[in-house]
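Number of protein chains: 2
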Amino acid sequence: MEYLQQSFSVKFEYKVFFTSGLFELANTGINDFLQADSTSASVKKILFVVDEDVLKATPHLADKIRSYFAIHTAAQLIPEIVLMPGGETVKIDESHFSKMLDVIHQYAIDRHSYVAAIGGGSLLDMVGYAAAVSHRGVKHIRIPTTVLSQNDSGVGVKNSINYFGKKNFLGTFVPPVAVFNDDQFLLTLSDRDYRSGIAEAIKVSLIKDATFFEWLERNTDALVARDMDTMKYLIKRCAELHLNHIAGLDPFEKGSSRPLDFGHWSAHKLEQLTNFKVLHGEAVAMGIALDTVYSNLSGRLTIAETRRVINLIKKIGFEITHPFLEVSGKDSPILIGLQEFREHLGGELTIMLLEQIGVGVEVHEMDAQLIKQAGDALRGEYAGVSVG
Amino acid sequence: MEYLQQSFSVKFEYKVFFTSGLFELANTGINDFLQADSTSASVKKILFVVDEDVLKATPHLADKIRSYFAIHTAAQLIPEIVLMPGGETVKIDESHFSKMLDVIHQYAIDRHSYVAAIGGGSLLDMVGYAAAVSHRGVKHIRIPTTVLSQNDSGVGVKNSINYFGKKNFLGTFVPPVAVFNDDQFLLTLSDRDYRSGIAEAIKVSLIKDATFFEWLERNTDALVARDMDTMKYLIKRCAELHLNHIAGLDPFEKGSSRPLDFGHWSAHKLEQLTNFKVLHGEAVAMGIALDTVYSNLSGRLTIAETRRVINLIKKIGFEITHPFLEVSGKDSPILIGLQEFREHLGGELTIMLLEQIGVGVEVHEMDAQLIKQAGDALRGEYAGVSVG
Ligand SMILES: NC(=O)c1ccc[n+]([C@@H]2O[C@H](COP(=O)([O-])OP(=O)(O)OC[C@H]3O[C@@H](n4cnc5c(N)ncnc54)[C@H](O)[C@@H]3O)[C@@H](O)[C@H]2O)c1
Ligand SMILES: NC(=O)c1ccc[n+]([C@@H]2O[C@H](COP(=O)([O-])OP(=O)(O)OC[C@H]3O[C@@H](n4cnc5c(N)ncnc54)[C@H](O)[C@@H]3O)[C@@H](O)[C@H]2O)c1
Ligand SMILES: [Zn+2]
Ligand SMILES: [Zn+2]
Chain A
1 MEYLQQSFSV
11 KFEYKVFFTS
21 GLFELANTGI
31 NDFLQADSTS
41 ASVKKILFVV
51 DEDVLKATPH
61 LADKIRSYFA
71 IHTAAQLIPE
81 IVLMPGGETV
91 KIDESHFSKM
101 LDVIHQYAID
111 RHSYVAAIGG
121 GSLLDMVGYA
131 AAVSHRGVKH
141 IRIPTTVLSQ
151 NDSGVGVKNS
161 INYFGKKNFL
171 GTFVPPVAVF
181 NDDQFLLTLS
191 DRDYRSGIAE
201 AIKVSLIKDA
211 TFFEWLERNT
221 DALVARDMDT
231 MKYLIKRCAE
241 LHLNHIAGLD
251 PFEKGSSRPL
261 DFGHWSAHKL
271 EQLTNFKVLH
281 GEAVAMGIAL
291 DTVYSNLSGR
301 LTIAETRRVI
311 NLIKKIGFEI
321 THPFLEVSGK
331 DSPILIGLQE
341 FREHLGGELT
351 IMLLEQIGVG
361 VEVHEMDAQL
371 IKQAGDALRG
381 EYAGVSVG
Chain B
1 MEYLQQSFSV
11 KFEYKVFFTS
21 GLFELANTGI
31 NDFLQADSTS
41 ASVKKILFVV
51 DEDVLKATPH
61 LADKIRSYFA
71 IHTAAQLIPE
81 IVLMPGGETV
91 KIDESHFSKM
101 LDVIHQYAID
111 RHSYVAAIGG
121 GSLLDMVGYA
131 AAVSHRGVKH
141 IRIPTTVLSQ
151 NDSGVGVKNS
161 INYFGKKNFL
171 GTFVPPVAVF
181 NDDQFLLTLS
191 DRDYRSGIAE
201 AIKVSLIKDA
211 TFFEWLERNT
221 DALVARDMDT
231 MKYLIKRCAE
241 LHLNHIAGLD
251 PFEKGSSRPL
261 DFGHWSAHKL
271 EQLTNFKVLH
281 GEAVAMGIAL
291 DTVYSNLSGR
301 LTIAETRRVI
311 NLIKKIGFEI
321 THPFLEVSGK
331 DSPILIGLQE
341 FREHLGGELT
351 IMLLEQIGVG
361 VEVHEMDAQL
371 IKQAGDALRG
381 EYAGVSVG
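Chains A and B are the protein sequences, given in the same order. When we follow the UniProt record's numbering, the leftmost residue of the first sequence carries the number 1, and every step to the right adds one. When we follow the UniProt record's numbering, the leftmost residue of the second sequence carries the number 1, and every step to the right adds one.
Misleading hints may appear alongside valid ones.
No distinction is drawn between identical chains; accordingly, a pair holds when it is met within one copy or between any pair of copies.
In silico DSS-like pairs for lysine-lysine, Cα to Cα no more than 25 Å straight-line [to be verified]:
| id | residue 1 | residue 2 |
| --- | --- | --- |
| 1 | LYS372 | LYS45 |
| 2 | LYS254 | LYS372 |
| 3 | LYS254 | LYS11 |
| 4 | LYS56 | LYS158 |
| 5 | LYS330 | LYS167 |
| 6 | LYS232 | LYS158 |
| 7 | LYS314 | LYS15 |
| 8 | LYS158 | LYS254 |
Derived from the structure by calculation, the hints contain no laboratory data.
Put together the whole structure using the sequences plus the hints.
As structure tokens, then:
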């Protein structure tokens, strides 16, 4: 059959900035960015959307933003600061997405103007999706306020909302134009949300970087004590490993391989089963524990390294398993979750396991009996591992 | 401010096939494509969505598709052939977009499966958008059935629906995985729809390829007589010029420059003012006439070349102007349309004009008085130009 061949590459570039006090008047970071980032000679507008819990926790945030842009004028601030609930609800209830389209339309945000979102990963996912599809893409700035969004979800290229009761059913691969990680936001996080994000650092260290894993082992106490310099290093190294991974083989995930989803197949199911009562990072910590012990039981990972992983997870303060992860028969929810993950990938199952700390290996099947044994071990012998 | 730099490129590739009788059992084209295009070891599903007018006009189309995939089994056909209205309404009324999400969900179309759309540019735009955002992108095959969609809209990288009463308010830049141009569909087009698509060929010849313009001048009679070989050449050459343009500087239109929108600023407004009674190509033909005469009056294009352009447009059978394009004062709709186009681009106006046939030039302002004069000329002296 006759044909014309189309072929082109599109380059995507953005910076992930690290700062402290983004809207202090003396901090010219975001204004400098807006000044330098110009694709048109026209006046650029900037519309802020803020997570309600962040606004409550951060005194005078809206006023600070307004004062900042009164002095720094690289972009014209839309005076209304749009408020949205934080947490999964902003992705579940479609009215928030509709509201985002409304304000983008109302304030005539165009393809050379900005929608800046301040909040956790949930809010960033929803606002990023609305920005990506309005006018086929208005510019999106992410200002993540949780550990998880600063070290993982906020620095990547994905956005989404839930639909048909399915997590992330709608979404796109569209990078932000910039990410600003401001450590000051972390001060007001609950201990649970603070801890939750550390799971992604453990995950990425296990599949990519043994040295980082050892650093995590050495710095557990400081992390638990919420020492800021330690957390800043964790976030930066974790974000860097994520960025490098994305820039690698398959940024828009055209294949079935999802190395960064290590520990995630069971975590997704657990979040859903508990109606998001178990946080993403908490579920990921249990998922890592499960797949680590499975790696050992299936003859891939040594028992000594397995114990180190479980020990780190526990020392950080995570649970290592959950009743819903138990395999009691063929219809156990967790086995159904495995089946759903297979469907999500498009038929061929691809699961990351561990060969060594820092070295992952992909497999295309998992044995139900071994998953059961791994769960039993986590409720049995590993429940007692020293957390000294 | 400290930062990490992210930078990567994503390669996009697809073929635009030319065929006759895509679902004849002996035609292995689409099956060969599905066989070769594999990103997973799993079974691939294919869901067809068909323009109702195309289905009515093409006897046994649904049966043919079913018989084809009963024998050619590179993908598993979803037995339901989804029907959607053709024309702008499928982009205006959101229920059609919702229905697309429903069927993608219902039939568990995943990122390694296909949504194939058969229809005009309107249907392809809507289905392409639904495919692009479901699971962050399921594979989309376009089977355009109008001249316009085979030579222009269907071969490109954009998709969209209308929203807030605004054309293409929601959409993405996501290329199809393949396009199949089947000349047999063109046989059932109305003369108006057939002619309408020729406007895009005139447009692209004027800004890119004087030789193609001369070919159009020589082949006007054959085009008007709907000679198939002549139309096949027109579509292929026009599609090729479009593909080359997209593969050039700015595939996802990050800048303000839109050379392929020559003649389109007034056309968009005219379509809207007439509630899409004036077809896209008909409006583009008038828009080309206006910007061509403007190019002459502003001292860019010779009078001889201007006459050749107007003459070709008339010989093809297009009107060269419309009462709504008349400038009678500052608030004339067409001047408001110019303002809206400026906003759509993000503040800085960028309009393509002609320096010569085959050579465009971008300008950043247009003079209202000259627009008025150009319109007067189209209603006056050019109304009488020979169409011999
Ligand atoms: N796009 C991706 O690649 C990707 C990757 C991983 C996870 N995610 C998504 O991210 C979401 C989870 O994000 P998250 O863990 O950041 O949680 P979250 O956004 O759900 O926020 C958790 C809670 O903390 C509050 N909060 C946020 N920042 C705060 C602050 N500085 N002070 C006080 N309270 C604050 C929020 O309002 C919310 O109530 C999930 O929907 C998950 O699917 C996306
Ligand atoms: N995505 C892009 O880059 C791009 C570019 C240009 C135009 N467009 C869009 O394309 C749309 C116009 O597309 P179009 O000109 O193909 O018209 P259309 O899709 O609106 O179809 C016109 C009419 O012809 C019918 N029809 C289609 N094929 C037929 C056939 N083979 N036989 C009989 N009837 C048939 C349709 O049902 C409809 O009633 C507009 O919405 C325009 O905005 C998109
Ligand atoms: Zn995660
Ligand atoms: Zn057009």
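Are there hints from earlier that the structure breaks, and if so, what are their numbers? 1, 2, 4 and 7
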